[in-house]
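Q: Sequence:
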Amino acid sequence: MSMNGFVCGPLTIQIGESEFEGNVYVAPISDDMLLGLDFMRKHKMLVNIPEERVSMGTLKIPMLKQPMPEEVASVTVCRTTVIPPSTFKNVECVLDKDLSAFVVEPCGEGKVFSDIVQS
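Heads up: the sequence shown begins at 1 in full-length UniProt numbering, then just goes up one per residue.
FYI, nobody ran anything at the bench for these hints, they're computed from the structure.
Any given hint could be a false lead.
Unchecked claim - Have a look at the derived ranges for each label pair, beta carbon to beta carbon:
(1) ASN90 to ILE61: 35 to 41 Å
(2) THR76 to ASN23: 36 to 42 Å
(3) GLU21 to LYS97: 36 to 42 Å
(4) LEU37 to CYS78: 40 to 46 Å
(5) CYS8 to LEU46: 23 to 29 Å
(6) THR12 to PRO62: 19 to 25 Å
(7) SER2 to THR76: 44 to 50 Å
(8) THR81 to PRO28: 19 to 25 Å
(9) LYS89 to SER55: 24 to 30 Å
(10) ASN90 to LEU34: 53 to 59 Å
(11) VAL75 to VAL26: 33 to 39 Å
(12) LEU99 to VAL7: 23 to 29 Å
(13) LYS89 to LYS60: 44 to 50 Å
(14) LEU46 to ILE13: 16 to 22 Å
Nothing here was measured: the structure is a model prediction, and the numbers come from that model.
Even glycine gets a Cβ: it sits at the ideal position worked out from N, Cα and C.
Put together the whole structure using the sequences plus the hints.
A: Here it is as structure tokens:
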């Protein structure tokens, strides 16, 4: 499995009152953020599964996943466009409802194209 993404940084990351400098890896995932194992090891973080929290020194961070309804919109492409393999192209389209960010996936069989688009 592969995923398109990119690196931003170095950026300042704030957790509680603490600030950290580092690169941020941006990927098309539904979670607000994930802390990498390299970051957790470097800052000696402890994961407490029974109490559903992560500790970093005296800082206790709850591991809460807010349920988010999955939003789906119908996408209509304005005209037929052929996109050759291993290339990309901007294609004009219309969504049937407003979304702040979305993932485009084709219907049927074949490789799934996945990319976050900010509107």
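Q: Now look at each hint and say whether the structure bears it out.
A: Okay, the hints, checked on the actual structure:
1. ASN90 to ILE61: 35 to 41 Å: About 39 Å separates the Cβ atoms of ASN90 and ILE61, which means 35 to 41 Å holds.
2. THR76 to ASN23: 36 to 42 Å: Taking Cβ atoms as reference, THR76 and ASN23 lie about 38 Å apart, which means the hint holds.
3. GLU21 to LYS97: 36 to 42 Å: 39 Å, holds
4. LEU37 to CYS78: 40 to 46 Å: 44 Å, holds
5. CYS8 to LEU46: 23 to 29 Å: About 27 Å separates the Cβ atoms of CYS8 and LEU46, which means 23 to 29 Å holds.
6. THR12 to PRO62: 19 to 25 Å: 22 Å, holds
7. SER2 to THR76: 44 to 50 Å: 28 Å, violated
8. THR81 to PRO28: 19 to 25 Å: 22 Å, holds
9. LYS89 to SER55: 24 to 30 Å: Distance hint for LYS89, SER55 is violated at roughly 48 Å.
10. ASN90 to LEU34: 53 to 59 Å: 29 Å, violated
11. VAL75 to VAL26: 33 to 39 Å: The hinted range 33 to 39 Å is violated for VAL75 and VAL26, with Cβ atoms some 23 Å apart.
12. LEU99 to VAL7: 23 to 29 Å: 25 Å, holds
13. LYS89 to LYS60: 44 to 50 Å: 48 Å, holds
14. LEU46 to ILE13: 16 to 22 Å: 18 Å, holds
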